[in-house]
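Participant: Listed below are the residues making up each chain.
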Amino acid sequence: MYETLKELEKVSSRRAAELIEARSGGVPLVEYFGRFIPEALIRACGAGVYPLAGGGELAPPDAAKDDMLGCMNPLARSIAGGVKLGTDRIAGKADVVVTAVTDIHMGRLSELLEFWGVNVCKVGVPSDWQNGIAFGYYLNSLRRMLETVSRLSGKAMDVELARKYIGETNRVNAAVRHIKELRKRANPPITFENYMRLQHLSFRLCDTGAAAEAIEGIGLELDGADGAYPENAPRLLLAGRAVAPGDYELLRLLDESGAAVVAEMLDEYIRVSDVDIQLDGDLVENFARSRYMDTVPIDSFQPSWDRRLEHMLELCGEYGCDGVVWYQLAYDEVYDMEYVCLSRSLAERGIPLLHLETNYSYTPESLALARKQIENFVGGLRR
Amino acid sequence: MSRERSLCGKEEVIKAAMGIADREGMEALSARRIAKELGVSSMTIYNYVKNLNDVKKRVLIAGFDRLYSGVYQSLSALEPPVGRRTMCRTMALEVFRFAQANRSIFSFMFFDGRNLFHEDAEVRPFYAFMTRFVSRPRGHVAGWRPDDMPFNLLEIIITTMSYQCAEGVIKLTEQAFMDHVNFFIERCVDE
Amino acid sequence: MPADVHRRFLKLLGWDGEELEAFLPEWLKTAEFLRLTEADVAFAVDEWLPTYWDMSMCGTRKFIAAVIREAAAMARAGDYINAGESVIYSMMPSAAVCVYANRIAGEGKVHIFYPYFIIATVWTSFFGRELDARLNGSGLDPACQHCALNCLRADSTIKGMIAPPTVIWNWGLQCDEAPKTDEMLKRLEEAGWKSVLTTIPHDAPLGMDESEDDGRVSYLAEEMRVAQSQVTGYTGVPVLDEHMSGAMREYLGYLRRVERLTDLVMNSDPVPMYGNDLTLFSLCMECAFDTGYGYINDALDTAIAEVEQRIREGRGVLPKGSPKLACHFSPLNVPWIDKIFRDNGVNLTLGRMFPPASQLIKCVKPGDAYRSAASMCLEAPNNVNMLDEVRMTCGQLNRYPVDGAIYGFFAFDRWIGALEKIMIREAEERTGIPHFYLEGDFWNGARFSLDDKLATIRGICSCLKISSLASGK
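Residue numbers (this note's numbering), protein chains in the order written: chain A, 1 to 383; chain B, 1001 to 1191; chain C, 2001 to 2473.
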């Protein structure tokens, strides 16, 4: 498993370089952020895609401190800082950065990138998703974004290609669902760190076909694999906004705590794999529907918390979770509000809950503190 | 069991830091040193300030407060209307005197601290004082832009020479310093 | 006699004789509703109001009285509901016209309140009560730096301070937190309060003049229309075009007065009015009062006459030539800030940096009143993208002679405050006016202290005074 992931890491690194090279050959490069952005459809418009992925490292959030308010969430500050420092190797070279404006953190981050001269195309995602007119807003916004990409590439969206790529996306989803099934085993064959690495890689391969193949292969590998955790480890669900590519150290702490993180409910940097995209009819609308209407609403949607709690409880039941880890980004105010509600709801049901907050300051001291918190929590679950 | 005393607030930490900077220089400033000064533990200090940079920023702002209060006092003692050249001379002299009296804080304000904080929104306006606050007649940017250059240069001359004198790199009397300033003002600054 | 201090309070604000005695029982109930003790009222009368507000101005006293009347009306919300009338609660910032139209349409049977805004303003501005100590019940993590107004909303609801309304009209014109507070309370209280939401994503391209963009104006207008139909579903009172037009007329009447007062104050030297007071008069830019525009317009007319008189006499709050520092939202909830600038020889002024009425009137087009209301919302600097905001604030800064501008009192707000640090660089570049930043919290003085800010404020004041000398003032 480790070797396979390492190999995929290499492929994904090469992929970034290939995209940059293809760009010099006239294939526009689109960097994108957010589950509401269709990588498959952008590719079908003749562009290369790469995920805008930051978070988890200390330096980038600090780099933006003189430009952005200190109490923006560290994910937004980290992405901004990465662009400012140039550690995001694509942002400076992309023809356009597509962002999904789901909340003010993403809205202001997008503006900051624009202010710095990055060509940004924003896709508006209204939070009042049950309002009849809101879906149309998102859908139109998506169509406008795809037109922008088509203008860059000089090609209209190739519908057949789009169908093919969406089919591949559905294959990725099926492969992810298979691995999720394996995580229901008494001793899951994949650690949470590796699972999240795989999730992130599935985007960074920038090719849904390759991602489907890789994840299917890993699924087969895991079918016969031994458990990755100690026997009878307490089982955890992790929920929050996002586990970022720089968060692996923290995930390792969780994996080493003696507990197994077997399920997750995250809003970003994660495949929306519970629902496939329909291949008939208007593909843009099908995609929009799958993200906006047909899946569990993200935290900033209103209303969303009842449905999210329900989903969390379903996951706890399906995966046999003993406790929940709420992974909170510092200053992420709406998630903190959801936590207030969640803590009460879970307490009423006798489900233990750990509040684990990050400001992406993974110093030895803060990691030691997190380790202590996790160990105490897991110790409590064992008792 | 003795309980550690609590502080009145952040200002107590900053006052102690200013005292240390005045007496021992900015180099001596550390959480441990401030804690010792106040008779508390280093951890207590962090109940009041985010980190040492936070303290340094406050010391720097307190330095600007001292400097500009002095400049204003001197300028307001002059018979109005005060011409631009007179203003520049008065400011230069005040900056020079401030640098001699507050060697370490001055060096921090215009050199090391400037590197650290020049983009900080609270600190940034205190720099480029000549262009921001002296060269510009009240009004729109278009009216004062062309005047920028001599004032920028004058500020560099004033701060650099004051710093070098305060640090003992060059030896100049107050009069000799003002001779240099006058040389520049008479050639480059309109009354 | 316990009522004495309350009488003194009302007298200070202009009540007298029979009118005072008639209002006293209502005020006593209001004070109880606001959890104000006699000691609180005595402190306000003897110390807080005279220290931070220009109580020699009849206009100021009248405006404070208008806010108190609104608080008194709000305290009766439960009675209105019991009497079968409808009560709409709304949140800041909102399109005041839309909310007020319901009051007009209801002909006395529909009441509109902004309870948390009014409570916060009365507590902090007039009684010197910081919000921190009053927010313990919200359950929100203080380290997360939530907006104190939303914490107040959560806390006061949980503690049963506020009567359940017929419906809450939430607005998501700026932040996400305000509308989501509603969801949080629904979950925690299971009270089943009905609510509707008007919102629009912040996805306009940077620099777009949003009020001129047909797509954005149309969508926001539609959001307002949809929300209104939902509100009507709860109140049973349809809001027709004539009600919207009536609300617009009244709102514009108020705006014109604010513009007149601002023009007078900003173009005068010496400055004839405190910064806090000027800001106070613009309190209703993004909200409306159930008590209507009568009291506040009367207060404004009085203030305008008083300011004109002061200008004629050459009287100011500081000597002629004292610098003017335009404040992006003077923090009247932390009124010592205005005073400390004044004590250091600088007028903190301009207030809320809203576009003047003459600018907003351009948004009003015949036909669809919701389009006009939406366009006006998108002409408010804090609702739009950063460079559109810069365009508007530069318009304000170029309109009046000011020596500097100061921002930073929304350092907790992930929308308004998010990019202020770069916004002020841009505005300084465009106007040449020095821009300062003082990190603070508009709503909650407990989050920062005078001691911590004093050196910065004195430094700013010295710079501005030096600048004034340089310009020969």
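For the record, the hints were derived by calculation from the structure and aren't laboratory data. Quick reminder that beta carbons are idealized off the backbone N, C-alpha and C, glycines included. Any given hint might turn out to be false.
[To be verified] Per the computed footprint, the stretches of chain C lying under chain A, defined by three or more beta-carbons under 8 Å from a beta-carbon of chain A, are: (1) 2025–2035; (2) 2059–2069; (3) 2080–2094; (4) 2143–2157; (5) 2182–2189.
Participant: Hint by hint, note whether the structure agrees.
Facilitator: Evaluation of the provided hints:
1. Only residues whose C-beta sits within less than 8 Å of a C-beta in chain A count toward coverage, and the segment 2025–2035 of chain C has 0 of them, not enough to reach three; the restraint is violated.
2. A stretch counts as covered by a chain when three or more of its residues have a beta carbon under 8 Å from one of that chain; for the segment 2059–2069 of chain C and chain A the count is 0, and the coverage is violated.
3. For the segment 2080–2094 of chain C, the assignment as covered by chain A is violated, since 0 residues bring a beta-carbon within under 8 Å of that chain's beta-carbons and 3 are needed.
4. Check on the segment 2143–2157 of chain C: 5 of its residues sit with their Cβ under 8 Å from a Cβ of chain A, so the three-residue criterion for coverage holds.
5. For the segment 2182–2189 of chain C, the stated coverage by chain A holds: 6 residues have a C-beta nearer than 8 Å to a C-beta of that chain, and at least 3 were required.
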